[in-house]
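Top line first, the protein sequences correspond to chains A and B.
Numbering of the first sequence is given in this note's numbering, commencing with residue 4 and proceeding in unit increments.
Numbering of the second sequence is given in this note's numbering, commencing with residue 2 and proceeding in unit increments.
Source of the hints: derived by calculation from the structure; they are not laboratory data.
Where hints are given, some of them may not hold.
Said to hold, decoys possible - Using 16 Å as the maximum straight-line C-alpha spacing, the simulated EDC-like pairs for lysine to aspartate or glutamate come out as follows:
| id | chain 1 | residue 1 | chain 2 | residue 2 |
| --- | --- | --- | --- | --- |
| 1 | B | LYS94 | B | ASP166 |
| 2 | A | LYS69 | A | ASP157 |
| 3 | B | LYS170 | A | ASP135 |
| 4 | B | LYS170 | A | ASP132 |
The lines below spell out each chain.
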Amino acid sequence: MSSARKIASNRRNTVSSTGPRTATGKLRSSRNALRHGLAISVALDPAYAQDIERLANTIAGETSDKARLALSRVAAEAELELSRVRAYRISLINSELAAIDREAKNGSSDADTKDQATSYNEALVRTIDHLDPLERYERRAFSRRKRAFRDLQDLLVQDKHHA
Amino acid sequence: MTEQSINANSEVQSKTVAKPDGQLKGQGKPIIPESVACFLDSPPVLVGEDPAEYKRLFEEVALAIGPRNFIEWLWVKDVCDFSWDMRRLQRLKGALVGCGRKPALEKILHRVIDSKRKDHDEQVHRLTTNWFTDPKVKEEVQKILQLMNLPEECINAQAFSDSCDKISKFDSLLGNAASRRNNALKEIERNRASLLTPSDEKALVVEAAASDTSEVPPKKSKSSPAALLLDLH
């Protein structure tokens, strides 16, 4: 488990070593959120507000403990971020599958080699360069959720030992 | 409720094991709480993949892990999702080279057939298109390759070489999915270990000491997430 010192050190390091540096790079990356929306946190999207509350209450269980509710909210946000990345990945590949299917029906590709496995493969191959960046969003959401769950569990253990 | 259905219910209950949070673990199928069942309404399957197969995998994973609270159910979903991804990626990685054989053959034929021939492009197209289905064309291609001292394996070799980049990306995606699935299993173990009270730990020590007297070494519990990891592999 990361210590507070390690976490602080990681935060200091990320300031100096990540992110675009040139004007072009910064402009390109500033438009990421507009392309697929994954860079915008679900917490800032009103469409997710109800889902976050509902999920947070389910995670927290029957409690009025503010600390527990706050951590549950963080975990709920991270869980919804994860679901969002996964849903986007599936829709990306499904769109490509539909495009391949259309091409086969229009005769603009060789239908004789288009069995299902070949179509899936082609769809994955076409989208694989777009799947790579999604790994980063998934990794971040996964990590955030793991930390929130661990903090929640530490709180539960503390409460159990004090009871 | 009839007497028969009441008796049937009792019979089912006597076969099941009550879990601390009230979830009953039935024989063969787990009882999935409503808050979790909604995840199965939109499974992460591609067009053409079977949602029922995904649900079966989810139930298998849930039965093996025996989640004790909602957070553990989320980890169960993770294990299931990543296992599903891994199965898909492994299947497709195997087919990747096969997919690349046609363009590979085209590339080779472009090089070996005399480019000064007027019908060079037509020949390449005809041979590439029909090589998969026409045994006579297959024989023709084999003779052309033999003239250049090339074995038929060169087609697979070219396909593999062209796909190297993609194969390594598939490997990277596979590695990520495996690593996250393992993390999910470790988190469940960690969570369960951290919730043990000092009296629970004492009871475990006593149990371990008692089992040391038996001749047969104790089997690793089937519900241990780590054991599940081995089974799923």
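Status of the hints after comparison with the structure:
1. B:LYS94 with B:ASP166: Given pair LYS94 of chain B, ASP166 of chain B holds - Cα atoms ~12 Å apart, limit 16 Å.
2. A:LYS69 with A:ASP157: Holds, at about 15 Å.
3. B:LYS170 with A:ASP135: holds (8 Å)
4. B:LYS170 with A:ASP132: holds (9 Å)
Hint check: no violations occur; every hint is consistent with the structure.
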